[in-house]
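*Asks:* Read off the chains here:
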Amino acid sequence: MAEIIRVGMADLKVCKSPDGLTTLGLGSCVGVAIRDPKTKIGGLVHVMLPDSTAIKNNSCLAKFADTGIEELVRQMVAMGASRTRLEAKIAGGAQMFAFQNNTSLVAVGDRNAEAARAKLKELKIRLLADDTGKNYGRTVIFYPETGDYEIRAVGKAPIII
Amino acid sequence: MASYDLDNITSMELDVLREIGNIGAGNATTALAQMLQRKIDMSVPIAELLEFKNLGETIGGEETVMAGVYMTVNGDITGSMMFLLKKESARRLVNQLLFRSNEDIDPDADFDEMEMSAMKEIGNIMTGSYLNSMSDLTRLKIYPSVPDITIDMAGAILSVPAIEFGVLGDRILMIQTRFFDEIEIDGYFILVPDIDSYHKILEALGMA
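Just so you know, the protein sequences line up as chains G and B, in that order.
For the record, in the first sequence the residue sitting at position 2 is 8 according to the numbering used here, with numbers rising by one throughout.
For the record, in the second sequence the residue sitting at position 59 is 68 according to the numbering used here, with numbers rising by one throughout.
There's no promise every hint is true.
[To be verified] Taking lysine to aspartate or glutamate pairs in the EDC-like style, the calculated list, with each CA pair at most 20 Å apart, reads:
1) G:K140 <-> B:D157
2) G:K162 <-> B:E97
3) B:K96 <-> B:E57
4) G:K140 <-> B:D190
5) G:K162 <-> G:D136
6) G:K127 <-> G:D116
7) B:K96 <-> B:E212
8) G:K162 <-> B:D190
9) G:K162 <-> B:D121
[Said to hold, decoys possible] Restraint-style ranges between C-beta atoms, simulated for each label pair:
10) B:G70 <-> G:S23: 40 to 48 Å
11) G:P164 <-> B:E130: 27 to 35 Å
12) B:K150 <-> G:I11: 40 to 48 Å
13) G:A60 <-> B:D119: 36 to 44 Å
14) G:S65 <-> B:L146: 30 to 38 Å
15) G:I166 <-> B:M216: 50 to 58 Å
16) B:K150 <-> G:A135: 27 to 35 Å
17) G:I165 <-> B:D121: 24 to 32 Å
18) B:R109 <-> G:Q81: 51 to 59 Å
19) B:S154 <-> G:T59: 27 to 35 Å
It should be emphasised that the hints constitute simulated quantities derived from the structure, not laboratory data.
Every residue, glycine too, gets a C-beta built ideally from N, C-alpha and C.
Let's have the full structure, built from the sequences with the hints guiding it.
*Replies:* Structural data, given as structure tokens:
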């Protein structure tokens, strides 16, 4: 029986087809989905902040785009995925409130998405598709079987990237 | 100022924070009840340290669609304050305020500009009342920012204060109070002071 595994905020999970992964209500956070199309091993990390090196208290790997993606790849490889075959899709990074950018966290959603892209590039993981930015929350479901990344938002038709 | 260690917070201190939620939300709920001419109940406030991954479940699931009014708090203490209402509740509230009939409501329709503005004002009054009573109690200066509103999934709305807290630690301490009536209203006040502000609040109340 295929199962859809829940990934919480600042959390990451890996799975193998036919199972899938989901994270609910992404706001400024970014959901990075990675899969190996051959072994159909997939992983999803829900990152909250762009950069672990900017912060002292950084023991939670999945919280940051840089350490989160690294740890996700490590766990996928440990499960049997090939590092060179990995491909990624990302979603989220919205700006939920208009005045958020008045604070020190300058559009943290955009910075999260940028940091995720940079890390994927550094690890030479191809970014196949993305749906980031704007001002609404997203629920995402990732199917390692097909690589489909389904994105749902309030008052909008679901899309698959 | 020495940063306050959340891991060592005592149950007595949590009780004090809960009491702040009680007084703040009590006043705000009274304001709401007067505005609506209706009885509104309030739950016992919850003050707890939450792991981020459990955050969405606390207010009835990450995907519950809610109207969220958000403002930052400045002055002697800093942090953020939120007023959240289930979308249907928000629409009923707004319609009552605008003297519109509840029968004309299409539950799935988006809020128009007037409704958004009215909802923002309700949030402003509620949170103002909450913070005022808190300020009276602690004698701390508390200035809320201009509010902003969004209607979206609870998880996405709560990610905003969570991210601000995420800079400091892996858990979030929030003071949460639910208010409701028998049929129509269901919502929450959530106060998330920054870590250093907890110390100031407890100190102002003679706890530290």
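*Asks:* Could you work out which earlier hints the structure fails to respect and list their numbers in ascending sequence?
*Replies:* 3, 4, 7, 8, 10, 16
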